[in-house]
Amino acid sequence: MNTHRGLVWFLAPSLLVLLAMLVYPLGYALYLSLFDFYLPSNAPKFIGVGNYLALLGEARFWSAVYNTFVIVMASVALEFCLGLALAVGLYKLRFGAHGLMVVLFVPHIITPVVAALFLRWIFVGQWGLIDATFWPLGIFTPDWLGDPIWAKVTVVLADAWKATPFMMLVLYAGLQSLDQSLIEAATVDGANGRQLLFRVVLPLMRPIILFVVSIRIMDAFRFFDTIYVLTGGGPGTATETLTLYTYSVGFSRLEVGKASALGVVTLLIVLGLISAFVSFIYRRERGRF
Amino acid sequence: MNRMSRRTALGALAGASAALSLPHVARANTPLKGLSHRQPSLEFYAKAISSAVPGSPVDMTLIPADKAVELQTLTLSQGSDAYDILWVNDTQLMKYAKNGWLQPIDDLWARYRAEFKLDDYPASVLDSYRYDGKLYAVPSSVNGMFYFYRQDLFDAKGYKPPSTFDEWLKIAEGLHSPAMSGAVVNMKRIDAALNEAHYYMNAFGDGWFGAKWKPIFNNDKGVAAIERLKSLTKFAQRAYASSANDEAMIAFQQGLGATGLQWFSRAGAMDDAQKSRVAGKIAWAVPPGGKQRIVVDGFAISKFSKQDRDLQFRILATAMNEPNQRAIASDSIPSRASVLNDAELHKKFRHYPAALSAIQAGKAYPALPEFVECGDFITLRIQQALAGEMGVKQALDTAAREVSELLAKRGY
Numbered sequence: 001m002n003t004h005r006g007l008v009w010f011l012a013p014s015l016l017v018l019l020a021m022l023v024y025p026l027g028y029a030l031y032l033s034l035f036d037f038y039l040p041s042n043a044p045k046f047i048g049v050g051n052y053l054a055l056l057g058e059a060r061f062w063s064a065v066y067n068t069f070v071i072v073m074a075s076v077a078l079e080f081c082l083g084l085a086l087a088v089g090l091y092k093l094r095f096g097a098h099g100l101m102v103v104l105f106v107p108h109i110i111t112p113v114v115a116a117l118f119l120r121w122i123f124v125g126q127w128g129l130i131d132a133t134f135w136p137l138g139i140f141t142p143d144w145l146g147d148p149i150w151a152k153v154t155v156v157l158a159d160a161w162k163a164t165p166f167m168m169l170v171l172y173a174g175l176q177s178l179d180q181s182l183i184e185a186a187t188v189d190g191a192n193g194r195q196l197l198f199r200v201v202l203p204l205m206r207p208i209i210l211f212v213v214s215i216r217i218m219d220a221f222r223f224f225d226t227i228y229v230l231t232g233g234g235p236g237t238a239t240e241t242l243t244l245y246t247y248s249v250g251f252s253r254l255e256v257g258k259a260s261a262l263g264v265v266t267l268l269i270v271l272g273l274i275s276a277f278v279s280f281i282y283r284r285e286r287g288r289f
Numbered sequence: 001m002n003r004m005s006r007r008t009a010l011g012a013l014a015g016a017s018a019a020l021s022l023p024h025v026a027r028a029n030t031p032l033k034g035l036s037h038r039q040p041s042l043e044f045y046a047k048a049i050s051s052a053v054p055g056s057p058v059d060m061t062l063i064p065a066d067k068a069v070e071l072q073t074l075t076l077s078q079g080s081d082a083y084d085i086l087w088v089n090d091t092q093l094m095k096y097a098k099n100g101w102l103q104p105i106d107d108l109w110a111r112y113r114a115e116f117k118l119d120d121y122p123a124s125v126l127d128s129y130r131y132d133g134k135l136y137a138v139p140s141s142v143n144g145m146f147y148f149y150r151q152d153l154f155d156a157k158g159y160k161p162p163s164t165f166d167e168w169l170k171i172a173e174g175l176h177s178p179a180m181s182g183a184v185v186n187m188k189r190i191d192a193a194l195n196e197a198h199y200y201m202n203a204f205g206d207g208w209f210g211a212k213w214k215p216i217f218n219n220d221k222g223v224a225a226i227e228r229l230k231s232l233t234k235f236a237q238r239a240y241a242s243s244a245n246d247e248a249m250i251a252f253q254q255g256l257g258a259t260g261l262q263w264f265s266r267a268g269a270m271d272d273a274q275k276s277r278v279a280g281k282i283a284w285a286v287p288p289g290g291k292q293r294i295v296v297d298g299f300a301i302s303k304f305s306k307q308d309r310d311l312q313f314r315i316l317a318t319a320m321n322e323p324n325q326r327a328i329a330s331d332s333i334p335s336r337a338s339v340l341n342d343a344e345l346h347k348k349f350r351h352y353p354a355a356l357s358a359i360q361a362g363k364a365y366p367a368l369p370e371f372v373e374c375g376d377f378i379t380l381r382i383q384q385a386l387a388g389e390m391g392v393k394q395a396l397d398t399a400a401r402e403v404s405e406l407l408a409k410r411g412y
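Which chain is which? The protein sequence lines are U and A, in order.
Position 150 (the first sequence) corresponds to 150 in the working numbering; numbering is contiguous.
Position 13 (the second sequence) corresponds to 13 in the working numbering; numbering is contiguous.
If you're looking for bench data, these hints aren't it; they were derived computationally from the structure.
Cβ coordinates follow ideal geometry from the N, Cα and C atoms, glycine included.
Treat the hints loosely; a few may be bogus.
[As the list claims (entries may be wrong)] Pair ranges (Cβ atoms, derived):
#, chain 1, residue 1, chain 2, residue 2, range
1, A, Q394, U, F140, 26 to 34 Å
2, A, E167, U, L267, 52 to 60 Å
3, U, P112, A, E167, 39 to 47 Å
4, A, D272, U, K92, 51 to 59 Å
5, U, F140, A, S231, 55 to 63 Å
6, A, Q394, U, L267, 27 to 35 Å
Bound-form chain U, shown alone (with noise of 0.2 Å):
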């Protein structure tokens, strides 16, 4: 007992970098987004939940998070469907499986902006590379960044683009991890490929499932990088995200409080959503999670 007790001092050391790089900050943006506080002005002025208030009657906040769900809904279940793909036919390889992923995951090491500069490039109008390629034979492409159906489209491709190698490779990791003796008991059982997906496979991954689908729910609500370049959040709010609105207030108006306010509402919208998801995951054994 005392030496389980001597060991919860190794604990100290992260214990105190999670207070450092996550309590305070979250803690010192929960008091902030109390305060009406313009930056160059630098006098915050105390007034409770006003900043939340303000934001539950802002047309532009519901539409933020409308633009935000259909943009990360779209984008995790596009890169969940092309990353299992790709995991199982990984999986399926019999060689070359290692170099094969190397090379699709190239997408997921790019720096951010100069990815998100570099899809810029193909999609922009005219001389961006894929106009470019396609007008000379006659063919017009849609106008992918201006048109407010296509400029969300686009950014839900680019993110795809960007984020199905980091699924692929989880699920990937998660099939080689499978009990092949269940596996092979559909097999002998007769169960086809679909079956074996569906009824057996899948339902095995669900914790892994659930954990990269949840780390990618929480990484789509950050998404700006390669909206902002992309699109600026336009045209109009169209692609004008909680992330970009938040930008806005806190960076171009520079409202302190009122962009912590966005911040804290962010983180639990995320939560929420994180805990429908497991709640979903595992709704016919909640007891077990």
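Since chain U is already given, all that's left is putting chain A on it; use the hints.
Showing chain A alone in chain U's frame:
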């Protein structure tokens, strides 16, 4: 164990002593740091500043305009000495000076007047850099927007530079095709969109504000002005809502744009055959109605800089001397009278006559330090109107209400 501990303690003590002495050493050798917007003439001046005074290099960071303003605002609002020398234009200068973030330089100006021939700067240029009667920056160049057009296409169709907006609209329609935008419009928020809207609001509306900073841009003439902008976007390049100056310059250089508002500082690049497919084919004029944006670029000294202010002023005055202004005259309109009025330069650079006329016809942003913050609301609502998310009148009314609320919070 005891010996080890003592040795470790001694080592730690020695390390700590060395570490404590480091800041003093570092301070003595710390190079000056500067932050500037990135465009051809400012890139030149950044280099000139870096090497202006031998033995006193300046580490200049160059980033796009809106990012530079954000970074400057963040560091200055925190009282940080991260940057000593700051690129400023008249609008930023008002905001920074109002907040006490810049050093007045009247005393330095007087001290070095003769050495750097500072009387060469016209009073009107220096007035752009005064706030509450104090001078805050050394001007590098006068920049402004004017009308870019494809002379060869105009000649082929018998067009002349438009004198009314309706003429511009007809020309844009006449030259528009899938491979060629009749008009290059830049509506990326906030900077580019506010520049573009500034022209429409002043040339065809009553301007942005009435007495006591009451928004008037949502009156009938303001609505009609933005309706005009909206009508032109039918012939604009794709994704104009996310287009800014860099994209516009490429569109013109690649022969994909026929007309549009763009900066003097981008005109020289049109005739660079290495980068431009339309060298010699672009011409310039004052846009219909004038009142497009003009601005004075220059450099100021941060209030929080701990470096020698005399040295910093000497660096700036050297970097913006007559030979340097002459050397970059292709990409910027000089701020010194001796260079500005040089007949040789007027002959050498095709865009000079139009640029000088545009300076006469142009209009600066309102003298409101918070104007760019107001622009966050204004440009969003105008974008929404252009994207069809709301009507122009509704968009401008919404922006006017938001701007009124913002200014009331700021004490207006």
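Evaluation of the provided hints:
One distance hint, 26 to 34 Å for the beta-carbon pair Q394(A) and F140(U), holds here, with the actual separation near 32 Å. Against the hinted window of 52 to 60 Å, the Cβ-Cβ separation of E167(A) and L267(U) comes to about 54 Å, which satisfies the hint. Distance hint for P112(U) and E167(A): a CB-CB separation of about 45 Å, consistent with the stated range 39 to 47 Å. Distance hint for D272(A) and K92(U): a CB-CB separation of about 54 Å, consistent with the stated range 51 to 59 Å.
One distance hint, 55 to 63 Å for the beta-carbon pair F140(U) and S231(A), is violated here, with the actual separation near 23 Å. For the pair Q394(A) and L267(U), the supplied restraint of 27 to 35 Å holds, since their beta-carbon distance comes to about 33 Å.
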